Amino acid sequence: MLDREGYRPNVGIVLANSLNQVFWGKRIREHSWQFPQGGIKRGESPEEAMYRELHEEVGLRPEHVEVLGRTRDWLRYDVPKQWVRREWRSTYKGQKQIWFLLRLVGRDTDVSLRASGHPEFDAWRWNSYWVQLDSVIDFKREVYEKALTELARHLFIHPAERQPKWPSKNGVQTQ
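According to UniProt numbering, the sequence shown is numbered sequentially starting from 1.
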């Protein structure tokens with residue numbers, strides 16, 4: 001499913017632990033590291049896609065995380081032509097992503113890279129939030145930088161300045 005400009009809707013996930021370190025997954029049989037991400041299926045909201053991808057790639061369920069924030073708008077990156085299937089080259093340009101910042105409220109042992117039949121990662125680690133992005137494939141680096149910069153405001157504020165969250169009737173927390 002592509003938009004009019006040739007971008008595939010997608011979600012990206014920045015998962016932080018209690019020390020504000022972020023989850024990085026190593027792509028299977030590659031030397032590149034990345035955040036969990038994946039396409040939005042037809043009829044699926046970005047939030048629904050985020051939870052599905054979180055489980056498929058990292059094995060975590062909604063009860064293991066707290067949503068701290070998301071990007072306001074789509075962030076886009078172009079995929080180099082040589083990476084695009086020949087039959088898609090005339091229509092496919094790249095990905096447009098909504099990025100989510102999550103806090104792990106479960107345990108590290110809740111992470112399972114084999115939760116789905118098609119694992120994306122063969123290793124994972126916690127890194128500093130502001131780690132160098134050289135291990136990210138070059139055409140995604142700018143989007144990673146934009147997402148991390150925009151989402152940082154949800155993670156790096158003094159706890160006393162955070163508004164309390166109150167549960168609503170349907171179980172969704174609000175500010």
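It is worth saying that the hints were derived from the structure and are not from the lab. The model shown is predicted, which means the values in this text are computed figures rather than measured ones. All C-beta atoms, glycine included, are put in the ideal place defined by N, C-alpha and C. Treat the hints loosely; a few may be bogus.
[To be verified] Computed Cβ-Cβ distance ranges for the label pairs, DEER-style:
#, residue 1, residue 2, range
1, GLU47, GLY106, 14 to 22 Å
2, ASN127, ARG153, 25 to 33 Å
3, ARG89, ARG114, 30 to 38 Å
4, THR91, SER112, 30 to 38 Å
[To be verified] Pairs of lysine-lysine, DSBU-like flavour, derived with a Cα cap of 30 Å:
#, residue 1, residue 2
5, LYS26, LYS81
6, LYS93, LYS81
7, LYS26, LYS146
8, LYS93, LYS41
9, LYS96, LYS41
10, LYS81, LYS41
11, LYS26, LYS41
12, LYS81, LYS146
13, LYS146, LYS96
14, LYS96, LYS26
15, LYS81, LYS96
16, LYS93, LYS26
17, LYS146, LYS41
18, LYS93, LYS146
Mind checking the alpha carbons of LYS93 and LYS81 for me, to see if they're no more than 30 Å apart?
The hint holds at about 8 Å.
Pairwise hint evaluation, LYS41 against LYS81, where the allowed Cα distance is 30 Å at most
Answer holds: LYS81 to LYS41 is near 23 Å, not above 30 Å.
Can the restraint linking LYS93 and LYS41 be considered satisfied, given a maximum Cα separation of 30 Å?
holds (18 Å)
If you draw a straight line from the CA of LYS93 to the CA of LYS146, is it 30 Å or shorter?
Since the Cα atoms of LYS93 and LYS146 sit roughly 19 Å apart, the hinted pair holds (cutoff 30 Å).
Between ASN127 and ARG153, does the C-beta distance stay in 25 to 33 Å?
violated (20 Å)
C-beta pair GLU47, GLY106: status relative to the range 14 to 22 Å that was hinted
Since the Cβ atoms of GLU47 and GLY106 sit about 18 Å apart, the hinted range of 14 to 22 Å holds.
Please work out if LYS146 and LYS96 have their alpha carbons no farther apart than 30 Å.
holds (13 Å)
For a C-alpha distance cap of 30 Å, please report whether LYS26 and LYS41 respect it.
holds (24 Å)
Hint consistency between LYS96 and LYS41 [alpha-carbon to alpha-carbon, up to 30 Å]:
holds (13 Å)
For a C-alpha distance cap of 30 Å, please report whether LYS81 and LYS96 respect it.
holds (16 Å)
Given hint LYS81 paired with LYS26 - CA-CA distance at most 30 Å
holds (23 Å)
Can the restraint linking LYS81 and LYS146 be considered satisfied, given a maximum Cα separation of 30 Å?
Status holds; Cα separation ~23 Å.
Hint 2 from the list above is the single one not met by this structure.
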